[in-house]
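For this one, chain A is given, so just place chain B on it according to the hints.
Single-letter residue listing:
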Amino acid sequence: MSKKSSSPNIFLIEDNESIIDVYSMAFKISELNFEVITLGKEALERIKKMQEGAEEKPALILLDLMLPDIGGMEILKEVRNHPATKDIVVFVLSNYTISDEQKADSAKPDKYIMKANITPTELVNLIKEQLARAGH
Amino acid sequence: MVFNFFGNKKVAEKLYEQNLELAVKNKTLSLLEKLYQTSILTSSPEEEGKEITDIIRTSLNLELVGVFIFEKKTDSLEPLIFSKSERLVKTLHKLGFLFHDIVIKDVLRHPLFKKVVYAKEEVAIGDLEEIWQELITFERLQEIKKQSNIKTALLYPLITGNHAFGVLLLGFNRDYQTLSTFEKESIKSSINVIALLLDKAYLYKHLQDSYAFEKKAKEDLQNLDITKNQFLLTIQHHLRTPLTSMMGYADLLVNGAFGKQNKKTLDIIHKFQASTASLIKMVNEFLDITQFQLGKDVIVLKPGIELGPILDEIVGELKFEAESKGIYLKLEKPEKIYTISADKEKLRAALSNIFDNAIKYTVQGGVTIRVESNSGVKIIVKDTGIGIPPERMKNLFERTFERGDQAKKTFATGTGLGLFLSNKIIQGHNGKVWAESKGENQGTTFYIELPVDPVSNKNETLNSES
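Top to bottom, those sequences are chains A and B. Counting in my numbering, the first sequence runs from 149 upward without gaps. Counting in my numbering, the second sequence runs from 885 upward without gaps.
Chain A extracted, bound-state conformation:
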């Protein structure tokens, strides 16, 4: 957090190619700085590094729940369970209806978003609102 780049970094943790394509286009047009992570393991490694202070935290994590290797909830738990990362803003983006068990889980995202119910433009607006709120 020592130095700020022009636009804060956003993690898009998502494995579906066409959704990555659509969101990437929308983010590029809006000049959002983002990084795509397609594997849960990779996401976990990055979060661990942040917890060790070896990496800067992103301003926002967009997290899919269905990843090819690790469930998104596990990643969310890792984020929330460490003092260094627990305050990172996480939007869960999924096309699965959130189960009652997930709702009852102690690790909570800042937002649940049903991908099919939100256009890329609306998502970009939500992201900008969040960044503005955080003072970026």
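Derived from the structure by calculation, the hints contain no laboratory data. Bear in mind that the values here come from a model prediction, so they are computed numbers and not experimental data. There is no bait here: all hints are sound.
Label-pair restraints from in silico Cβ distances:
(1) A:E190 x B:S1259: 56 to 62 Å
(2) B:S1162 x A:E277: 27 to 33 Å
(3) B:S1162 x A:L274: 19 to 25 Å
(4) A:N265 x B:K1278: 31 to 37 Å
Where is the CB? At the ideal position from N, CA and C, for every residue including glycine.
Same frame as chain A, but now just chain B:
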């Protein structure tokens, strides 16, 4: 005094006879008492049969007591249970077989059993051969007779209602002639009790079987339902993902991500967007129904929600649809502010469904929406449309995928999910919805009643109410 009329000898004889009778009666009573004891437990026919045959064999000092059950369909006697004296067990063990394995087939052609089962008569025989005939070799039967000393076999029909459901076999080590009248009477009196006890055990078994069968059928159905719902949930996810990118690309196109589009292209993209949106809506509705069927809390109520803006919003969205059909859509402004506990998005969808429904099934005239106070708030949606016939009215909100005959003729593209879901959602708001119509082409009025927030606890959470 009676004794004065008899000589001493005669008195002694009479006394002896009465003593014997008393002894037998005592024995009979104790036998009946023991049999009665077995009836207290609800056991399977095998267990009950075992108890009964053991009791009879030991009480009457018999070598063999057996029960056959008559199978009408196959006209055969199936061995249920045999109680054997120790020496008989030893003999059978030596010979290496059990009575239990031997089914007596073709009862109608078996002179002895035909008499017992079909004529319901009791039969006394001196030879075991008559029972098993060629089913057990002569040598073996001779050996059994010799070793166990069975001299007489009595066969009794076990009767329930007016048919014999089985046969009781008693094997004595005495000749039939040596059995006293009282002994015979005593045995006879216990037969009915035995029949009753076994019949009861079978009834209990049938009850258990049918209960188990029903339970299994119910479980199978429930499992099928779970599989179906899980399948739907997975399918919805698979449908939503490509729909998300379709909707996303269309959004990018419209918003100029690929340069400015000409009007013609934009029109096409708008149509594409509308189709995608309706597909997404349908998938969401399917999901909601699945969730309702899974019994999940789909509705999460929050207090302090104003009804007016929700109605404004829906009417604003549907206005275009009504106008393009050449009908009116009017919302009469409510006179006061109604604050309710609601799941805003879900309630909006439920009301939108009902208003949309009214527009869809109205060809001329239009739809008027007004709000009234009662104990809570009442929304009245009156249309001049095709109406609803009484027979359809009964289950208007109950079934999915069902549209009226008249509805099918109006080219409206309903999925039939709408009203079912609307009803569920409104119920989830502790409200109710119903419709009234004078019949086909007489228009329809939908009523939606919702409770309003009490003024005093306007800011309290009411989540627990659902």
